[in-house]
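Peer 1: Here is what each chain is made of, one letter per residue.
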Amino acid sequence: MFLKNCWYVAALDHELTDGKLLNRTVLGEHLLLYRGESGRVNVLNDRCPHRGALLSQGRLEGDGVRCMYHGIKYDGSGKCTQIPGQDMIPPKLRVRSYPVLERGHFVWVWMGDAAKADPASILDLRYLEDSNWKGIPAYLHYDANYLLIVDNLSDFSHLAFVHTKTLGGSEEYAYVSKPSVIERLENGFRVERWHWDSDPPPFHQKVIPDKTAKVDRRNIAWMTVPGIFNMETLFAPAGQGKQTAAAGGAKEYRNCQFMTPETERTTHFFWSYLNNFEGEDSTISRSLLDSLIEGFMEDKAIIERQQKTLEEDPSFQMLGILADAPLAHFRRVLDRLINAEQNSGATQPAEVRPTTAAG
Amino acid sequence: MFLKNCWYVAALDHELTDGKLLNRTVLGEHLLLYRGESGRVNVLNDRCPHRGALLSQGRLEGDGVRCMYHGIKYDGSGKCTQIPGQDMIPPKLRVRSYPVLERGHFVWVWMGDAAKADPASILDLRYLEDSNWKGIPAYLHYDANYLLIVDNLSDFSHLAFVHTKTLGGSEEYAYVSKPSVIERLENGFRVERWHWDSDPPPFHQKVIPDKTAKVDRRNIAWMTVPGIFNMETLFAPAGQGKQTAAAGGAKEYRNCQFMTPETERTTHFFWSYLNNFEGEDSTISRSLLDSLIEGFMEDKAIIERQQKTLEEDPSFQMLGILADAPLAHFRRVLDRLINAEQNSGATQPAEVRPTTAAG
Amino acid sequence: MFLKNCWYVAALDHELTDGKLLNRTVLGEHLLLYRGESGRVNVLNDRCPHRGALLSQGRLEGDGVRCMYHGIKYDGSGKCTQIPGQDMIPPKLRVRSYPVLERGHFVWVWMGDAAKADPASILDLRYLEDSNWKGIPAYLHYDANYLLIVDNLSDFSHLAFVHTKTLGGSEEYAYVSKPSVIERLENGFRVERWHWDSDPPPFHQKVIPDKTAKVDRRNIAWMTVPGIFNMETLFAPAGQGKQTAAAGGAKEYRNCQFMTPETERTTHFFWSYLNNFEGEDSTISRSLLDSLIEGFMEDKAIIERQQKTLEEDPSFQMLGILADAPLAHFRRVLDRLINAEQNSGATQPAEVRPTTAAG
Numbered sequence: 001m002f003l004k005n006c007w008y009v010a011a012l013d014h015e016l017t018d019g020k021l022l023n024r025t026v027l028g029e030h031l032l033l034y035r036g037e038s039g040r041v042n043v044l045n046d047r048c049p050h051r052g053a054l055l056s057q058g059r060l061e062g063d064g065v066r067c068m069y070h071g072i073k074y075d076g077s078g079k080c081t082q083i084p085g086q087d088m089i090p091p092k093l094r095v096r097s098y099p100v101l102e103r104g105h106f107v108w109v110w111m112g113d114a115a116k117a118d119p120a121s122i123l124d125l126r127y128l129e130d131s132n133w134k135g136i137p138a139y140l141h142y143d144a145n146y147l148l149i150v151d152n153l154s155d156f157s158h159l160a161f162v163h164t165k166t167l168g169g170s171e172e173y174a175y176v177s178k179p180s181v182i183e184r185l186e187n188g189f190r191v192e193r194w195h196w197d198s199d200p201p202p203f204h205q206k207v208i209p210d211k212t213a214k215v216d217r218r219n220i221a222w223m224t225v226p227g228i229f230n231m232e233t234l235f236a237p238a239g240q241g242k243q244t245a246a247a248g249g250a251k252e253y254r255n256c257q258f259m260t261p262e263t264e265r266t267t268h269f270f271w272s273y274l275n276n277f278e279g280e281d282s283t284i285s286r287s288l289l290d291s292l293i294e295g296f297m298e299d300k301a302i303i304e305r306q307q308k309t310l311e312e313d314p315s316f317q318m319l320g321i322l323a324d325a326p327l328a329h330f331r332r333v334l335d336r337l338i339n340a341e342q343n344s345g346a347t348q349p350a351e352v353r354p355t356t357a358a359g
Numbered sequence: 001m002f003l004k005n006c007w008y009v010a011a012l013d014h015e016l017t018d019g020k021l022l023n024r025t026v027l028g029e030h031l032l033l034y035r036g037e038s039g040r041v042n043v044l045n046d047r048c049p050h051r052g053a054l055l056s057q058g059r060l061e062g063d064g065v066r067c068m069y070h071g072i073k074y075d076g077s078g079k080c081t082q083i084p085g086q087d088m089i090p091p092k093l094r095v096r097s098y099p100v101l102e103r104g105h106f107v108w109v110w111m112g113d114a115a116k117a118d119p120a121s122i123l124d125l126r127y128l129e130d131s132n133w134k135g136i137p138a139y140l141h142y143d144a145n146y147l148l149i150v151d152n153l154s155d156f157s158h159l160a161f162v163h164t165k166t167l168g169g170s171e172e173y174a175y176v177s178k179p180s181v182i183e184r185l186e187n188g189f190r191v192e193r194w195h196w197d198s199d200p201p202p203f204h205q206k207v208i209p210d211k212t213a214k215v216d217r218r219n220i221a222w223m224t225v226p227g228i229f230n231m232e233t234l235f236a237p238a239g240q241g242k243q244t245a246a247a248g249g250a251k252e253y254r255n256c257q258f259m260t261p262e263t264e265r266t267t268h269f270f271w272s273y274l275n276n277f278e279g280e281d282s283t284i285s286r287s288l289l290d291s292l293i294e295g296f297m298e299d300k301a302i303i304e305r306q307q308k309t310l311e312e313d314p315s316f317q318m319l320g321i322l323a324d325a326p327l328a329h330f331r332r333v334l335d336r337l338i339n340a341e342q343n344s345g346a347t348q349p350a351e352v353r354p355t356t357a358a359g
Numbered sequence: 001m002f003l004k005n006c007w008y009v010a011a012l013d014h015e016l017t018d019g020k021l022l023n024r025t026v027l028g029e030h031l032l033l034y035r036g037e038s039g040r041v042n043v044l045n046d047r048c049p050h051r052g053a054l055l056s057q058g059r060l061e062g063d064g065v066r067c068m069y070h071g072i073k074y075d076g077s078g079k080c081t082q083i084p085g086q087d088m089i090p091p092k093l094r095v096r097s098y099p100v101l102e103r104g105h106f107v108w109v110w111m112g113d114a115a116k117a118d119p120a121s122i123l124d125l126r127y128l129e130d131s132n133w134k135g136i137p138a139y140l141h142y143d144a145n146y147l148l149i150v151d152n153l154s155d156f157s158h159l160a161f162v163h164t165k166t167l168g169g170s171e172e173y174a175y176v177s178k179p180s181v182i183e184r185l186e187n188g189f190r191v192e193r194w195h196w197d198s199d200p201p202p203f204h205q206k207v208i209p210d211k212t213a214k215v216d217r218r219n220i221a222w223m224t225v226p227g228i229f230n231m232e233t234l235f236a237p238a239g240q241g242k243q244t245a246a247a248g249g250a251k252e253y254r255n256c257q258f259m260t261p262e263t264e265r266t267t268h269f270f271w272s273y274l275n276n277f278e279g280e281d282s283t284i285s286r287s288l289l290d291s292l293i294e295g296f297m298e299d300k301a302i303i304e305r306q307q308k309t310l311e312e313d314p315s316f317q318m319l320g321i322l323a324d325a326p327l328a329h330f331r332r333v334l335d336r337l338i339n340a341e342q343n344s345g346a347t348q349p350a351e352v353r354p355t356t357a358a359g
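Residue numbers (this note's numbering), protein chains in the order written: chain A, 1 to 359; chain B, 1 to 359; chain C, 1 to 359.
What the hints contain is simulated information worked out from the structure, not anything from laboratory work. All values derive from a computational prediction rather than experimental measurement. Among the hints, erroneous ones may be present.
For chains that are exact copies, the list does not tell them apart, and a pair is met inside one copy or across any two.
Unchecked claim - With a Cα cut of at most 20 Å, we get these calculated SDA-like pairs of lysine to any residue:
#1 Lys308 <-> Arg265
#2 Lys308 <-> Glu278
#3 Lys165 <-> Ile284
#4 Lys300 <-> Arg59
#5 Lys20 <-> Leu147
#6 Lys251 <-> Trp196
#7 Lys308 <-> His30
#8 Lys308 <-> Glu264
#9 Lys308 <-> Thr263
Please model the entire structure based on the sequences and the hints provided.
Peer 2: Here it is in structure tokens:
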């Protein structure tokens with residue numbers, strides 16, 4: 001059961017070049033995403049209503065697509081415009097289309113009631129469109145439910161043990177630092193955590209000249225429904241952390257991660273990790289991309305095994321510790337929203353249900 | 001649910017040479033097919049009733065087979081003839097045998113009530129045994145229900161889009177040609193379709209000297225239960241199509257395709273594509289074999305993906321277009337026959353049900 | 001459904017060296033086996049009760065183990081001893097531990113009620129700890145239910161057909177030899193079988209100087225619950241079989257095989273095959289190891305196919321022959337014990353059921 005009336009990141013803009021007909025499953029539905037000749041991105045259900053052939057195995061024609069089984073053509077809105085050998089087009093022969101928007105290299109799709117799709121409800125992450133922030137958007141596929149990734153990002157003490165030599169830096173992080181603020185929001189939570197006078201973690205060391213000087217490290221992270229993480233990270237010279245906003249001299253990162261359910265047991269994981277201190281050369285961005293992938297692979301090994309464990313024994317119930325308060329709040333928020341949506345009965349457009357020729 | 005009281009192609013004759021004990025699943029049942037020393041082909045259930053070991057992992061002995069787990073031997077009728085270390089043979093210890101016939105390189109098996117097996121009910125495709133028709137019988141395995149292949153063969157407009165550069169020739173085929181006859185039969189349908197004054201399709205070009213002269217192309221196709229397709233194809237010089245039967249000068253093909261369910265979701269696909277214009281050299285037959293495989297692989301990509309789509313969303317209902325009339329008729333015919341057979345309660349032989357030693 | 005209140009072989013001692021955290025599934029439960037720094041072997045449930053991460057992906061610390069997701073530490077008894085960043089340890093946060101014992105290179109685990117674990121109930125196979133008997137303990141994994149392997153070992157006529165050229169020696173074995181004693185035991189059965197004046201089987205030929213002289217071959221085999229096979233094998237010069245115990249001149253083997261269910265459809269198969277006639281050089285042991293693996297692979301091909309056959313058609317019921325009397329008795333004994341245990345309701349320790357943080 002997923003939240004439907006909201007925006008999900010479904011693709012990176014560079015995936016939709018050269019007329020690519022991209023098949024991607026989102027919330028268990030096969031989508032076809034493509035950029036038509038007009039430049040506009042369209043999202044259709046990737047299944048020809050005639051015999052169920054994939055439209056992504058078809059052919060781009062203008063802003064439409066032709067199924068290459070029997071040649072039936074649809075425009076970008078999903079309307080059938082041609083049946084070879086047949087003049088009359090039955091109105092029922094149409095493909096569902098989905099609202100779609102592009103923001104800062106990410107393609108967002110609305111999976112619920114199209115009438116409710118509100119562009120303003122896309123999370124406004126300005127650094128993604130600000131040329132002062134540099135980063136390389138990227139993608140990983142997870143064989144795990146998206147909430148296990150949300151959980152992972154909800155407790156940063158895992159940095160100490162999972163990412164000691166990559167994103168974390170030391171096991172000390174789990175013992176001496178704690179969230180200084182945990183704010184429960186209506187659509188998620190916000191956490192602030194300082195680590196004073198610490199060694200710079202490996203991913204940061206790789207992109208700064210002075211690799212040994214102690215730093216004050218601050219993370220301010222938001223997790224919001226349906227599964228969007230963004231974080232502001234600051235490294236200040238040790239002792240200057242509290243004054244940094246005013247005093248400068250710090251290095252900062254912006255980090256967004258989008259967990260989009262592919263199915264109940266798999267996830268599309270999009271992210272961008274940006275910095276504000278490199279010049280035109282992308283060396284720092286590329287180093288950070290490598291570091292993040294290295295760290296995410298560490299998460300992936302644990303999270304995908306968790307998924308298997310939960311599937312093997314569905315009766316297993318996790319036992320909370322204090323650090324789980326944010327993730328527990330997030331799951332309650334999400335459950336409440338999903339229940340409300342299901343009870344309103346308005347998650348799906350009134351869909352045309354064709355009768356079968358073979359019935 | 002399959003039609004049981006009918007003949008299915010289960011093997012090619014060359015598969016049963018050198019004492020091969022062939023395991024092949026048909027309608028979900030494991031069959032053992034082999035040619036005994038007498039030359040006669042036998043078909044047994046491929047499971048020793050003692051402990052369930054496969055007889056196809058056993059040893060051919062004369063016209064019988066010995067299970068190589070504990071050495072129990074069965075004759076070609078499935079009767080147990082020896083239990084090592086035990087004198088008395090319990091009458092229940094026998095293996096089900098299936099009626100079997102050979103016709104024109106194909107081995108046919110009767111899957112229902114053996115008492116009803118009528119050799120005369122095998123479709124009489126004389127060109128398969130006529131030395132004027134040359135061809136190479138062949139086999140492909142499909143990860144798809146057999147009816148999706150039947151559907152594919154029921155609407156030739158797919159030639160235009162799936163097989164443009166192989167078996168079809170042009171997209172024009174879907175726009176300018178139509179069935180001129182659609183005949184509903186009690187056991188299937190018959191379709192006749194002309195394409196006048198057209199370029200010869202690639203598979204035909206490869207085997208004729210004049211590759212550019214326009215042709216009149218005629219296909220007369222029959223689809224009959226449980227899933228047998230056969231077709232007479234004629235290419236006449238453009239303008240002579242209608243007079244050809246009398247005037248000669250045409251090149252003709254005969255085409256049979258047998259869709260035999262392996263399971264509900266997989267199919268054995270046997271075929272032979274024959275011509276009447278090559279000499280003793282088999283160059284033309286081999287070129288046609290390659291062309292057909294090339295074309296069938298195009299179908300396979302679409303049909304196997306259809307199968308996945310239907311499995312992923314069993315609620316999906318196909319929406320018919322006018323061209324689906326033949327396939328819709330065929331499915332109605334088949335459903336009616338299966339229902340009648342199920343209601344008669346006579347699909348299975350009264351089978352010996354042994355009690356277990358471990359019970 | 002498995003027998004729980006009994007000892008199962010779960011590992012070989014050499015698997016637990018160098019701090020290895022061994023994950024092994026037994027009776028469907030994920031176990032973590034490891035040798036702590038004190039030298040003692042511990043067995044814990046291999047799942048951190050916090051978020052379900054595998055402890056075998058964690059880190060050995062002393063005699064305990066630390067989960068490397070959020071750093072929670074457990075001692076060898078499963079008690080939580082540290083939560084980084086949290087002072088109070090909830091008593092519910094503990095991992096189940098399992099009684100464990102080492103005997104003659106094999107590690108035994110008790111899967112049921114720990115209060116009932118009785119070391120004296122481990123089958124006393126003295127040759128495993130007797131330096132006069134030489135052998136190399138080994139392991140194979142089976143994709144088959146353990147009882148199919150028990151069945152296999154319960155009727156030695158299969159030696160004649162499955163192992164003709166390896167462990168058996170001739171098909172004659174099935175025709176001229178029979179069990180001379182079949183003793184029904186409360187916990188299994190005992191079978192004695194002679195093969196007089198026979199050629200030595202290939203595995204034996206390879207390790208004796210005179211490869212052609214006829215032998216009297218005697219096997220005395222016990223099968224006991226839950227799935228333990230052991231056998232005394234004697235080869236005497238032909239004609240001296242009956243006097244051997246007194247007269248000497250024979251060569252003897254001891255053979256134990258442990259079938260431990262991994263899941264309902266897979267099995268851990270441990271064994272050791274020992275002889276009393278090699279010196280310090282291990283040539284004979286290594287030859288016998290190779291011969292046994294060669295023979296077991298022959299069994300595996302048949303047994304794993306049996307498993308598939310039974311899964312494909314759960315309605316299939318095996319039909320007994322006379323030679324199945326021992327295996328039928330064994331299954332009755334085991335069924336009776338499992339039923340008694342289930343009805344007593346005492347198979348599982350009263351387990352701590354944590355509430356979820358995310359609930």
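Peer 1: Give a verdict on every hint.
Peer 2: Cross-check of the supplied hints:
1. Lys308 <-> Arg265: both (9 Å within a copy, 18 Å between copies)
2. Lys308 <-> Glu278: neither (41 Å within a copy, 47 Å between copies)
3. Lys165 <-> Ile284: within (18 Å within a copy, 49 Å between copies)
4. Lys300 <-> Arg59: Intra 36 Å, inter 18 Å, cutoff 20 Å: inter-copy only.
5. Lys20 <-> Leu147: neither (30 Å within a copy, 31 Å between copies)
6. Lys251 <-> Trp196: Within one copy, since 15 Å is at most 20 Å while 74 Å is not.
7. Lys308 <-> His30: between (24 Å within a copy, 12 Å between copies)
8. Lys308 <-> Glu264: both (13 Å within a copy, 18 Å between copies)
9. Lys308 <-> Thr263: Both: 15 Å inside a chain and 15 Å across chains, each within 20 Å.
Against the hints set out earlier in the document, violations occur for numbers 2 and 5.
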